[in-house]
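Keeping their order, the protein sequence lines are chains A and B.
Quick note on the numbering used here: the first sequence kicks off at 33 and runs consecutively.
Quick note on the numbering used here: the second sequence kicks off at 23 and runs consecutively.
Calculated from the structure, these hints are not laboratory results.
Please read all numbers here as calculations on a predicted model, not as lab measurements.
Don't take every hint at face value.
Unchecked claim - With a straight-line Cα cutoff of 30 Å, these simulated DSBU-like cross-link-like pairs (lysine-lysine) come out:
hint, chain 1, residue 1, chain 2, residue 2
1, A, K243, B, K311
2, B, K87, B, K120
3, B, K61, A, K311
4, A, K285, B, K85
5, B, K120, A, K78
6, A, K78, B, K85
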Amino acid sequence: MERLKVLKTYKIFIGGKFPRTESGRFYQPLDATKKPLANMCLSSRKDLRNAVVAARGAVEVWSGATAYNRSQILYRLAEMLEGRRSQFEEELIRQGSTKTAAKKEVDTTVDRWVYYAGWCDKYQQLYSSVNPVATSHFNFSILEPTGVVLAVAPEEGSLLGITSLIAPVIASGNACIALASESKPLCAISLAEVIATSDVPGGVINMLTGKYSELEAHFVSHMDVNALWYGGNDKNAPKRIEEGSAANLKRVKTTTPSKDLYAENWQSPYLIKAFTEVKTTWHPIENVGGANASY
Amino acid sequence: MKSNTIGYSSVPISPSVDAVGVDDRIDRIQKRSIKNESKKEGLPLILSMIDLTTLEGQDTELKVKQLCSKAIRLHDAAPELPTVAAVCVYPALVKVAKTALAGTSINVASVATYFPSGQADIKVKLADVKHAVGEGADEIDMVISRGKFHQGEYNYVFDEIAQVKEACGKARLKVILETGEIGNLDAIRKASDIAIYAGADFIKTSTGKIPKAASLPVTCVMLEAIRDYYFKTGIMVGMKPAGGISKSKLALAYLVLVKETLGVNWLTNEWFRFGASSLANDVLMQYMKLKTGYYQSPDYFSID
């Protein structure tokens, strides 16, 4: 008798836990031979609501951690990922990658986490400034994380795509809610399993799966989401997102669907800067140029 | 007129409480789905029942003034909303609140009788009450002597409440049982009966100063005490759960419980109150969600 196959149900990731979608709905992405890959949650607006509450609760802890600590945690994540590479390679192959391509994608993903781990305590030096002013003030500008950021992963690159969005967003202390690729969602939830066993505090990274078309209206209108990064394929989406986000002036970033996630511009401190806010402080001092300096 | 001159002997033997039955009933109430139409009615009603409370050692006059302006104008984007029922402060700040709320229908409630412990001589407690009433408090929230209750001195507890009631004059008296310190549901039922027969206008669960604050099962038992008294005498007594109620969903469950235990007559701020500080903003956020269709952010609501 032939054995009945067990098709894995991938649950979503909210606040460090793996709940099923509140809606109870699911979908089955297909492989190249039109066979179902897995059961994935079809997330609803209420899942988004719960994820935002979790992310908001995590912002204080995560942005309050030292940059050095965040750096260590991101590096730890890379280590854990490396340890489970065979699972990711196997999933990528099931989702249509060749063996070589799968290996390359996992290699690059691990390297990308390490890359942003390194930037955690360094981007601030690049973008902060001491400003010359004509009054008795020491005036300086620094970057602070924007807050709760929604990231819509590219359709291509089941693992590297979502990593390329999450890593720069959380490097500065933001909390992130990521929506996985609709057609290739497996690696996102496996990555969540890695995150759950790293030292990332619950709620800093949350993963939803499902249809972007269903969720877009709720993504853009949610008042407690501070920024949205759209990496999907729909050419008309950026305009709709900009319009919908006007109610709370969400920071919006769209990256044209980049087929080439290996391109140099996908790994840059500017992607960290995109989700930060400048804070300028005027600190009173006794006399200008007291130390014979121009600031 | 209540028979509070007779003393503890007038309190009937309290029936024993079926704790499993109470839990089961609360379970079913919390699992029920509440539809948007009902929420639209319920949320403003909750707001109108809130005793906006600040009872901290660090309270300043400005903090109380700020709380009062919040009480008057809950949210500028929704002027159609009612105001809260009362502002609840320490006796020393009653005058500040009274002045800030002048010309509105919002009452000033004051805790008294050596709140929150109640460990003082009756003379001190009565002086505390008279002072608060003299300052202009419309409502007095007293604490019962839990120590005496545990010692079995029910006479003392009863007489104390009766004396405080007398000292209140026209002010309405809420009697805080501090159920977290009273014990099991049977003891809570007994304390409720004592308070009601001694002349309480309201019975209230908690001070909010200990971790074990208001809960639905406790409230259910107290509501049943009120119901039994009403059936016997025809006199209505109010109910005020306080402490730990910070979410709209939970507050709506309380309304369901009140409606199904006491009936619709109690669904007004004359007979039912919430003692809370952070509940108001959550209700406002849920209300605005219904009104606009968008999930809200606390960034757009005033803190106090």
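Hint by hint, here is what the structure shows:
Proximity of K243(A) to K311(B) is assessed by CA-CA distance (about 23 Å); at most 30 Å being required, the pair is judged to hold. Annotation: proposed proximity of K87(B) to K120(B) holds, straight-line Cα distance about 10 Å (limit 30 Å). Straight-line distance between C-alpha atoms of K61(B) and K311(A) comes to about 41 Å, which puts the hinted pair past the 30 Å bound. Distance restraint check for K285(A) and K85(B): the Cα-Cα separation of roughly 41 Å exceeds the 30 Å cut-off, and the hinted pair is therefore not satisfied.
The hinted pair formed by K120(B) and K78(A) fails the criterion: a straight-line CA distance of about 42 Å is larger than 30 Å. Annotation: proposed proximity of K78(A) to K85(B) is violated, straight-line Cα distance about 36 Å (limit 30 Å).
Of the hints listed earlier, those the structure fails to meet are numbers 3, 4, 5 and 6, in rising order.
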